[in-house]
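Residue numbers are given in the working numbering: position 394 of the sequence shown equals residue 394, and the series is strictly consecutive.
Keep in mind the hints are simulated off the structure, nothing from the lab. Quantities reported herein were computed from a predicted structural model and do not represent experimental measurements. Do not take every clue at face value.
Label-pair ranges, simulated between beta-carbon atoms [unchecked claim]: (1) 362 to 163: 47 to 57 Å; (2) 262 to 369: 35 to 45 Å; (3) 244 to 223: 45 to 55 Å.
Backbone N, C-alpha and C define an ideal beta-carbon position, used for all residues, glycine too.
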Amino acid sequence: MAEALDGTPPTVYLHIGAPKSGTTFLQGVLWNNTAALAEAGVLLPGGSFAAQVRGMRDLRGLEPEPGEPDADWHGAWDGLAAEVRASSARVAVISSEVISAVDPAGAARAVASLAPCEVHLVYSARDIAGLLPSEWQEYVKHRFHYDFDLWLREVVDGPRDQGAAEWFWKVHDIPEVIGRWAPHVPPERVHVLTVPRSGAPRDLLWRRFAALVGIDPDVADLSDVRSNASLSHTETELLRKINNAVGEEAPMWLYHRYVTNLFALEVLPGKGVPGRVGLPPARAEWAGKKAHELVEHIRAAGYDVAGDLDELLPPDTGGAAPAEPAAADIADAAAAGIVGLLDRIGALEREIEELRERNAGQRRELDALVEEMHRQRAEQQQTPLPKLMARELSERNPAVWKMRVGYWHLVERLRGVEQPDEDAPREEGPEGAEAAPEPPPVPVLSRRGDPR
Numbered sequence: 001m002a003e004a005l006d007g008t009p010p011t012v013y014l015h016i017g018a019p020k021s022g023t024t025f026l027q028g029v030l031w032n033n034t035a036a037l038a039e040a041g042v043l044l045p046g047g048s049f050a051a052q053v054r055g056m057r058d059l060r061g062l063e064p065e066p067g068e069p070d071a072d073w074h075g076a077w078d079g080l081a082a083e084v085r086a087s088s089a090r091v092a093v094i095s096s097e098v099i100s101a102v103d104p105a106g107a108a109r110a111v112a113s114l115a116p117c118e119v120h121l122v123y124s125a126r127d128i129a130g131l132l133p134s135e136w137q138e139y140v141k142h143r144f145h146y147d148f149d150l151w152l153r154e155v156v157d158g159p160r161d162q163g164a165a166e167w168f169w170k171v172h173d174i175p176e177v178i179g180r181w182a183p184h185v186p187p188e189r190v191h192v193l194t195v196p197r198s199g200a201p202r203d204l205l206w207r208r209f210a211a212l213v214g215i216d217p218d219v220a221d222l223s224d225v226r227s228n229a230s231l232s233h234t235e236t237e238l239l240r241k242i243n244n245a246v247g248e249e250a251p252m253w254l255y256h257r258y259v260t261n262l263f264a265l266e267v268l269p270g271k272g273v274p275g276r277v278g279l280p281p282a283r284a285e286w287a288g289k290k291a292h293e294l295v296e297h298i299r300a301a302g303y304d305v306a307g308d309l310d311e312l313l314p315p316d317t318g319g320a321a322p323a324e325p326a327a328a329d330i331a332d333a334a335a336a337g338i339v340g341l342l343d344r345i346g347a348l349e350r351e352i353e354e355l356r357e358r359n360a361g362q363r364r365e366l367d368a369l370v371e372e373m374h375r376q377r378a379e380q381q382q383t384p385l386p387k388l389m390a391r392e393l394s395e396r397n398p399a400v401w402k403m404r405v406g407y408w409h410l411v412e413r414l415r416g417v418e419q420p421d422e423d424a425p426r427e428e429g430p431e432g433a434e435a436a437p438e439p440p441p442v443p444v445l446s447r448r449g450d451p452r
């Protein structure tokens, strides 16, 4: 790794968002090129994107849902910060689009925990006319089941502290978002990264990000990097119907695992009639006015701009309001989605069968080893005295009993025996123990249609 020449601590770039502004693409570039970036003196603390997500959750003070797996993120942010402070790297990058939602206390904690490192903010932004439909789709991917018009009424016309508006403006109102960091990060260390318009070179956003962080963009290989999958209007409407079918009792972590991450991001894209969700013409005037307000604020605040502020102004597309998807098209997308899921099931079954075959071969090898072990043991035990002594000791000494039971279970499991014989020694020992409790019910997305 290229180190800071004078031993100074790393310069830290917190890429705090915003959602739906190329963050998935940039994170893909970073995490697909960790070795090359490390050689260039760039540290990605935590060692994985998941570790940085846990740090973000800790920083925001989020609480896990009951039964949520891998939910121990307490202290995760402090772990990231400690790794940065101890590093000899030239630059450290932490990227999570929802760091933009931290409150003022979280912003203060983040900067203080990284001292004495110099902290910079990177906030990526896009034109609001394209952002609104994209954010509505993201809401649908997170279990929202209302249509675009209702969502727009909440975000544009409703109070900012209620409904969909609360989250949207918390992460997309540039003065408010950066204002929460203002007491700790001066304007010259705030970088607004504009998202290029459609049709621009695919690597342009990365080149802008690399330039402001001080990375040679050519050290990264972008060939395997994916952008966040976009859904067509038809596919989004199908997902809304699925959301209506998901039971209210299903936990969000389960929804994210199967509906968001599997179906919406991997299976559904491309299954429906093409055609993006467009901003209704009646909202175009408001979007243009709001975009000019945000651009003027960025100019007046003196933030560094990586890109072109004109890219934040909505293009003059004109046209009529987008048509609602036909019911037949939604049904066709559903059928194609089901086939896609069946293909996934088939692939998993083949993988399971391969694992079973591999496991069977390993079990045969283990059986041979156990048989050899017993043969050698029989040769050593010319008299029954050692066995009798072991049995007597195990009945008098709990520790020896546990060792004997553990050995017995090991041998039986290596042989592939599912249940012990009635006469075999039990783990509860001579005094017995309570039976194990019944396992908790497996969480499901919906109980509708369960066998009666």
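Verify the CB-CB distance for residue 244 and residue 223 against the hinted window 45 to 55 Å.
Given a distance of about 39 Å, which is not inside 45 to 55 Å, the answer is violated.
If I claimed the Cβ atoms of residue 362 and residue 163 lie 47 to 57 Å apart, would that claim hold in this structure?
Holds: the Cβ-Cβ distance is about 55 Å, inside 47 to 57 Å.
Quick one: are residue 262 and residue 369 within 35 to 45 Å, going by C-beta?
holds, 40 Å
Violated hint: 3 only; the structure is consistent with all others.
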